[in-house]
Amino acid sequence: MERDYIDILHRCFRCGWCKFPSNYQDFNCPAYLKYRFESFSSGGRMWLIRAWINGDVEAGHRFSQILYSCVTCKNCVEACALPYIKDKLVDVFIAARKDMVEQGTIPPQVRDYFKAISTSGNPYRLPAEQRAAWAEGLDIEPYTDQRYLLYIGDVGSYDDLGKAMARSVAMLFKKAHISFGILGNEEISDGNDVAAAGEEGLATHLAEQNIKVFSDKGIRRIITLSPHSFHVMKTVYPLHGGRFQVYHYTKILRDLMGKDLAPGQLDTTVTYHDPCYLGRWNGEYYTPRAILNAIPGLRLVEFDRNMQNSLCCGGGGSNFFTDILGTGHDLASRVRIRDAASTGAQIVAVSCPQCYRMLDDALKAEGLEEVLQVREISEIVADSLTA
Amino acid sequence: MFTNETLSRIREIVSSEYVTNEPEDLYIYSRDQGVQDPHMPDCVVMPSSTEEVQEILRLASREQIPVVPMGGGLVLSGLSVPLKGGIVLDMKRMNRILEINEKSHYAVVEGGTSQGMLDAYLKKNFPHLKHSLPDAPPAATIAGNIAIHGSGHLSQSQGGFHSEMVTGLEVVLSNGDVVKLGSCSTVPYWFSRAPLPDLVGLFLGWNGTTGVITKVGIKLYPRPKLHDVLVYMTEDIDLAPEVLTRVINTETAEDINYALSPKPDYLNGFQMMVINITANSEDEMALKKKIIRDVLKDLYETKESGFMPVPPNMKTGFLEAPQKALSKFADVRRGGGFEYVGAIMPIERIPDACRAGMEITARHGITYSLGARIIGKGHCAMFFFAYPFNRVDADEVEKVKMALEDTNEASLRLGGIPWKAEVQGQQLILKQMDPGTYSLMKRIREVLDPAGIMNPGNWEVS
Ligand SMILES: Cc1cc2nc3c(=O)[nH]c(=O)nc-3n(C[C@H](O)[C@H](O)[C@H](O)COP(=O)(O)OP(=O)(O)OC[C@H]3O[C@@H](n4cnc5c(N)ncnc54)[C@H](O)[C@@H]3O)c2cc1C
Ligand code: SF4
Ligand code: SF4
Chain D
1 MERDYIDILH RCFRCGWCKF PSNYQDFNCP AYLKYRFESF SSGGRMWLIR
51 AWINGDVEAG HRFSQILYSC VTCKNCVEAC ALPYIKDKLV DVFIAARKDM
101 VEQGTIPPQV RDYFKAISTS GNPYRLPAEQ RAAWAEGLDI EPYTDQRYLL
151 YIGDVGSYDD LGKAMARSVA MLFKKAHISF GILGNEEISD GNDVAAAGEE
201 GLATHLAEQN IKVFSDKGIR RIITLSPHSF HVMKTVYPLH GGRFQVYHYT
251 KILRDLMGKD LAPGQLDTTV TYHDPCYLGR WNGEYYTPRA ILNAIPGLRL
301 VEFDRNMQNS LCCGGGGSNF FTDILGTGHD LASRVRIRDA ASTGAQIVAV
351 SCPQCYRMLD DALKAEGLEE VLQVREISEI VADSLTA
Chain G
1 MFTNETLSRI REIVSSEYVT NEPEDLYIYS RDQGVQDPHM PDCVVMPSST
51 EEVQEILRLA SREQIPVVPM GGGLVLSGLS VPLKGGIVLD MKRMNRILEI
101 NEKSHYAVVE GGTSQGMLDA YLKKNFPHLK HSLPDAPPAA TIAGNIAIHG
151 SGHLSQSQGG FHSEMVTGLE VVLSNGDVVK LGSCSTVPYW FSRAPLPDLV
201 GLFLGWNGTT GVITKVGIKL YPRPKLHDVL VYMTEDIDLA PEVLTRVINT
251 ETAEDINYAL SPKPDYLNGF QMMVINITAN SEDEMALKKK IIRDVLKDLY
301 ETKESGFMPV PPNMKTGFLE APQKALSKFA DVRRGGGFEY VGAIMPIERI
351 PDACRAGMEI TARHGITYSL GARIIGKGHC AMFFFAYPFN RVDADEVEKV
401 KMALEDTNEA SLRLGGIPWK AEVQGQQLIL KQMDPGTYSL MKRIREVLDP
451 AGIMNPGNWE VS
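Protein chains in written order, with the numbering used here: chain D, 1 to 387; chain G, 1 to 462.
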């Protein structure tokens, strides 16, 4: 682990501010919320990493569970009491995971996740030929020289809800005459969650592969479906020489609202769930809300924990694919759905395919399908166009 | 003795995902943030109900296994570290807010409810009410705080320690029996401890050695709309008691704190009296400030002391509750730690306490922050001698340990009593305590905990 990180491990006071949102209403660290032992808090992790480096604990099964239950949501970064260490907390956890990868002490689910991506180019172990299945019948062009590449990513390509989201976004773009194309079968993982899981070599390889494909095709502007892709392409790819203008699709959509897309009246109450990789990681809180606010009749109500204080769905940091957090009443996604229901909203709006799946599963686990729906923002916009 | 069989039985009582004997978990629960030595538990259990606590205590009593209740684990002096191994009972899953009685001004919460959660709940659902918050991080629990006689933002205006704001308790005794104390023992309301014989005190200040608190009734108070702060400064160390007493006697302040710290440099040597004022209107606020200014007029007219203009960033910090800035003190030595002796003492001893703190820290070559919170209408102060340390500097940790011991002795000499004292501090107190009192404490424990399993090592003559 880098000296910079080792040098701050002991500076964590284990005071636990990092467990909470700014109003302290409930635990806001998904790992701690689920497991509840102090060892699963951000401070517990800091102290255990130090103990591991000092040889006081070993990287056994529990250690790897503790390290990999962090979903890199950055609540701790937001809430930590100590200005000097707070920004580096998640970097430290990822750095520890890197060391675990090197030493071969990662959980089997994480190993399988890496294997799937190395061998199949995606975590689902599905053939690349199925990547563009979502676009069948939609008459979407492959990228040639359009203005934008629409990068769909793994979840948008293979997960049913992700595919629905990809279709919806693409159809709105078509309707608004946005010039875009897709890579289809040529797409591979963006590498964001691989990096968060500590496999730097594989993440770098994926970044380089993507950068090569993008550059070979002369791509300059990329719209991503997923905030995870948005983050890695915007902030990490430039470190590997890949300089593109990267947009999350909500940014493009917002600019179309009231212009190329004229929403009609939609009488409904919506609460918006901030995805961590758009919100806390990239400071983008207002664009998705602006889209929703542009729909006449739609009432936007906020979660008690919103924006910087949002509770993650639990799908970050590779947990979406490895499921280290498992199941249970205190899963962040289930708490989030209960919170959503308590806002009185009829719809929880999402803008990330991972949040979409996590929250939709949680909705079913909570048995709240009768009172609440999980919908992706462009789907709500599409509803308003036909309203 | 704790065996694999014990662990299996515990797993039959509490859902096994909330029972651990994994070395990584035990490592964390074996130590707190202060300088006390670590002690390994045999397992950590997170019960979710009073019934589960009962079952665990029955088992532990039968098998003579120590049980250490733990709330936020933020006491800093090792009081929820299992000195003799056994079970750490982490109470934080029992965090339901059971009742808010708006008219009779109390809340009933489970034994693991955090200060932060109750505050958030009140702000959202009963914005006109609040409880007295300590400046501990928000994960500190209501039960853990009263179990050590904590104090906080309303201790001055509302008359005392948080333990004095307790209206009733539900406690599980070491044999698994549940007892209700206060009005809730007799009627469905948790309004007060009077008029019954007061048994609540058997569990306050005892550091979890007499039972596990599973429910707490705690007083609520009005939450005025406005909050502001005045800061009075003086270099004259002997002036503080006079200033504090005058302000207290105006009965216009909500919380009064005193601070003396060598940092930041430009404030070195200055003592700050931070006077929190709350009000429901601008007029009330202005009047209260005027009253306070007026009683100090003859002092500040001499220019020896005076009100400090409070820069906005400093003011934001002062108005925060709990104050995050106090946790930041742990980074003064860039080493993630501080521990403090909080001595409960007469207000008139504040100047001597300051001198003692400065002398002790100079002798040990460490730095400090000294200060006090006024408890009651000047009935006493919680004077803190806080010493930061760098966790990786074994020498410094040792120096702080010795300084804390010296500070305990000094506090007692000054007529104060170390609060939430670590085991060595407890020994000093017991040595000086009236033998009749200690004998009664022992007899009470023998009745409440005949097997001697409750947080053993605490409040015992070694
Ligand atoms: C930065 C900082 C500022 C602080 N400021 C304040 C302050 O302003 N006022 C103040 O009072 N304190 C303060 N403290 C000290 C301490 O953190 C608090 O008193 C805190 O409320 C203790 O509660 P806890 O839940 O962390 O208790 P713990 O540390 O978990 O436990 C304290 C003791 O109570 C016992 N206990 C815990 N729960 C139970 C239970 N359910 N039943 C029976 N026994 C139990 C434990 O065995 C232990 O002996 C501060 C600490 C820090 C780090
Ligand atoms: S990460 Fe920050 S807030 Fe959390 S325990 Fe450590 S110092 Fe405290
Ligand atoms: S990043 Fe999120 S899950 Fe990870 S320790 Fe911080 S708050 Fe917890």
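Possibly wrong hints are sitting among the right ones.
Claimed, not checked - Beyond 12 Å from chain G on every Cβ pair, some chain D residues (computed):
(1) D7
(2) I8
(3) N54
(4) P83
(5) T235
What the hints assert, rightly or not - Pairs of lysine-lysine residues, derived as BS3-like cross-links and limited to a Cα-Cα distance of at most 25 Å, are as follows:
(6) D:K86 to G:K130
(7) G:K130 to G:K103
(8) G:K130 to D:K88
Simulated from the structure, these hints should not be mistaken for lab results. Because the structure is a prediction, the values reported are computed rather than measured. Positions of the beta carbon are idealized from the N, C-alpha and C atoms, including for glycine.
Structure-based check of all given hints:
The claim that D7 (chain D) lies off the interface is violated: its Cβ sits roughly 9 Å from the closest Cβ of chain G, which falls inside the 12 Å cut-off. Chain G draws I8 (chain D) into its interface by the beta-carbon criterion, the shortest separation being 9 Å against a cut-off of 12 Å. At roughly 10 Å, the least C-beta separation between N54 (chain D) and chain G is not larger than 12 Å, which violates its mark as non-interface. With 12 Å as the threshold on Cβ separation, the claim that P83 (chain D) sits away from chain G is violated: the shortest Cβ distance comes to roughly 7 Å.
The non-interface label for T235 (chain D) is consistent with chain G: the shortest C-beta to C-beta separation is roughly 28 Å, beyond 12 Å. As the CA atoms of K86 (chain D) and K130 (chain G) are separated by approximately 30 Å, the hinted pair breaks the 25 Å bound. Between K130 (chain G) and K103 (chain G), the direct Cα distance comes to roughly 13 Å. Compliance with the 25 Å bound is thereby established for this hinted pair. With a C-alpha separation of about 35 Å, the suggested pairing of K130 (chain G) with K88 (chain D) is violated against the 25 Å cut-off.
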